[in-house]
Amino acid sequence: MPTQASNRGRQRSQQFECGTCHRRFGSRKALQDHLRSLPNHSKEKPSRTYPNLHGDIVRSTTGVLGPLRFNHNIDDSNTDNEYSTNISGKFKCETPSCRTDGWSSGVVSIVIRQYPDSTYNAIVYNQSCKACNNLGVLEIDIESYVQRVSYRLKKWAGIRMEPPPYSLKEGPPHQSALCEGCKRGYCRQRGGAGV
Numbered sequence: 340m341p342t343q344a345s346n347r348g349r350q351r352s353q354q355f356e357c358g359t360c361h362r363r364f365g366s367r368k369a370l371q372d373h374l375r376s377l378p379n380h381s382k383e384k385p386s387r388t389y390p391n392l393h394g395d396i397v398r399s400t401t402g403v404l405g406p407l408r409f410n411h412n413i414d415d416s417n418t419d420n421e422y423s424t425n426i427s428g429k430f431k432c433e434t435p436s437c438r439t440d441g442w443s444s445g446v447v448s449i450v451i452r453q454y455p456d457s458t459y460n461a462i463v464y465n466q467s468c469k470a471c472n473n474l475g476v477l478e479i480d481i482e483s484y485v486q487r488v489s490y491r492l493k494k495w496a497g498i499r500m501e502p503p504p505y506s507l508k509e510g511p512p513h514q515s516a517l518c519e520g521c522k523r524g525y526c527r528q529r530g531g532a533g534v
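Here the sequence shown is numbered in the working numbering, starting from 340 and rising by one per residue.
Source of the hints: derived by calculation from the structure; they are not laboratory data. Possibly wrong hints are sitting among the right ones.
Okay, derived cross-link-like pairs now, DSS-like style, lysine-lysine, Cα gap no bigger than 27 Å in a straight line [claimed, not checked]:
id, residue 1, residue 2
1, K429, K384
2, K493, K382
3, K522, K384
4, K382, K429
5, K382, K494
6, K522, K469
7, K469, K494
8, K368, K431
9, K431, K493
10, K431, K384
11, K382, K522
12, K522, K431
13, K368, K494
14, K384, K368
15, K493, K469
Quick list of simulated restraints, FRET-style, between CB atoms [to be verified]:
id, residue 1, residue 2, range
16, R408, F355, 44 to 54 Å
17, T439, A369, 17 to 27 Å
18, F364, V397, 42 to 52 Å
Even for Gly, the Cβ is constructed at its ideal location relative to N, Cα and C.
Turn these sequences into a full structure, and let the hints steer you where they fit.
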């Protein structure tokens with residue numbers, strides 16, 4: 340005959356625990372709803388910078404621009420220049436219960452900023468999974484990142500050149516509700532509209 344303690348143990352084993360705040364939920368769906376409603380529970384962030392690619396930017400602008408420094412401070416209140424564009428990237432959903440492997444996008448929102456002290460940065464915005472609405476793990480297309488950032492820095496320096504190739508690829512329409520750049524008003528595709 341089951342005891343009261345064994346019934347509690349069985350009930351606990353049927354609960355789903357949040358790995359971040361350790362709250363317990365009675366169903367997987369309730370846990371997913373909890374995770375979706377609290378973005379800080381995700382290890383992925385809505386945006387990030389890539390200071391590790393600064394060397395690539397320097398190589399791409401050597402002989403054309405003076406010394407460049409990457410600005411680690413993401414401050415939009417004190418910029419000399421700011422420009423929104425898009426790069427390409429691949430996303431992977433790492434939510435264990437989600438069946439989506441991943442997706443590609445030619446419309447990954449990026450904001451390039453130049454500061455009064457001649458530093459720069461580029462903020463790349465994440466996208467959420469269409470199936471589970473959790474933020475994806477982004478792998479940017481390094482070539483498109485370096486090309487867009489280098490071009491913009493050269494243009495701000497007054498150097499005349501052909502713009503980098505830019506074309507919208509065939510595919511499903513951009514989904515603003517899943518794009519962190521759209522949510523913050525930076526994505527050039529916001530609202531599902533074209534460039």
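So, going through the hints one by one against the coordinates:
1. For the suggested pair K429 and K384, the alpha carbons sit about 15 Å apart, so the restraint of at most 27 Å is met.
2. This hinted pair does not check out: K493 and K382 have alpha carbons roughly 34 Å apart, beyond 27 Å.
3. A distance of roughly 14 Å separates the Cα atoms of K522 and K384; the hinted pair therefore holds under the 27 Å criterion.
4. For the given pair, K382 sits about 17 Å from K429 by alpha-carbon distance, which is consistent with the 27 Å threshold.
5. Proximity of K382 to K494 is assessed by CA-CA distance (about 35 Å); at most 27 Å being required, the pair is judged violated.
6. With a C-alpha separation of about 15 Å, the suggested pairing of K522 with K469 holds against the 27 Å cut-off.
7. The straight-line distance between the Cα atoms of K469 and K494 is roughly 36 Å, outside the 27 Å bound, and the hint therefore fails.
8. Proposed proximity of K368 and K431 is supported: the alpha carbons are some 21 Å apart, at most 27 Å.
9. Distance hint between K431 and K493 is unfulfilled; the C-alpha atoms sit about 33 Å from each other, more than 27 Å.
10. For a cut-off of 27 Å, the pair hint linking K431 to K384 stands: about 14 Å separates their Cα positions.
11. Proposed proximity of K382 and K522 is supported: the alpha carbons are some 19 Å apart, at most 27 Å.
12. Pair hint K522 plus K431 holds up; C-alpha atoms about 20 Å apart against a cutoff of 27 Å.
13. Proximity of K368 to K494 is assessed by CA-CA distance (about 49 Å); at most 27 Å being required, the pair is judged violated.
14. With a C-alpha separation of about 22 Å, the suggested pair K384 and K368 falls inside the 27 Å cut-off, and the hint holds.
15. A hinted pair counts as satisfied when its Cα atoms are at most 27 Å apart, and K493 with K469 does not qualify at roughly 36 Å.
16. Distance hint check for R408 and F355: the Cβ-Cβ separation is about 47 Å, which falls inside the suggested range of 44 to 54 Å.
17. Range check, T439 to A369: Cβ separation about 20 Å, and the 17 to 27 Å hint holds.
18. For the pair F364 and V397, the supplied restraint of 42 to 52 Å holds, since their beta-carbon distance comes to about 49 Å.
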